[in-house]
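J.: For the sequence shown, the numbering used here begins at 1 and goes up steadily by one.
Simulated from the structure, these hints should not be mistaken for lab results.
Note that CB positions come from ideal geometry on N, CA and C, so glycine has one too.
Be careful, since some hints might not be right.
[What the hints assert, rightly or not] Dumping the calculated EDC-like pairs for lysine to aspartate or glutamate here, alpha-carbon to alpha-carbon at most 20 Å:
| hint | residue 1 | residue 2 |
| --- | --- | --- |
| 1 | 29 | 14 |
| 2 | 29 | 63 |
| 3 | 100 | 54 |
| 4 | 29 | 85 |
[Claimed, not checked] Computed spacing ranges between beta-carbons, pair by pair:
| hint | residue 1 | residue 2 | range |
| --- | --- | --- | --- |
| 5 | 32 | 7 | 16 to 24 Å |
| 6 | 22 | 76 | 28 to 36 Å |
| 7 | 99 | 18 | 33 to 41 Å |
| 8 | 96 | 25 | 20 to 28 Å |
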Amino acid sequence: MTLAIASQVKRWIDAALQHGGDRQRAARKAETILGALTLGREPDEAGRTTVHGESRLRCTKYDLGNGYRLIAIRNQDTIALVRMDSHDAADRWLDQQQGKTLQIDGIDAAVTLPDLTPPDEVPDGEAGGTL
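Using the sequences plus the hints, can you model the full thing?
T.: Below is the structure:
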């Protein structure tokens, strides 16, 4: 599984962290969701999703609190964070995308998620050095 982050999301998080207040709190929640996805959590388990879901576009819409949203789509083996904005701006964007199938091409900075299969047990006496 790979995780892709749209440049719009990166810029929004960077600006929000410097801005402070509600936007900064939303950016920190988005970073927590990003971390959970990086660790291999399913999109609906990575953070608090909106109560009513989303019917305009097949996506996961996270409620970041104080009127901010993060939108993620899943396309086969890729989860893409495609939009982060205020509730109203995210709503307008979703209206514009209604009925479309989004392509993940062109989203930069893909991060490969770790393999979640447990490693083979190391026989006694063969364990490596200290951490």
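J.: What hint numbers does the structure not satisfy?
T.: none
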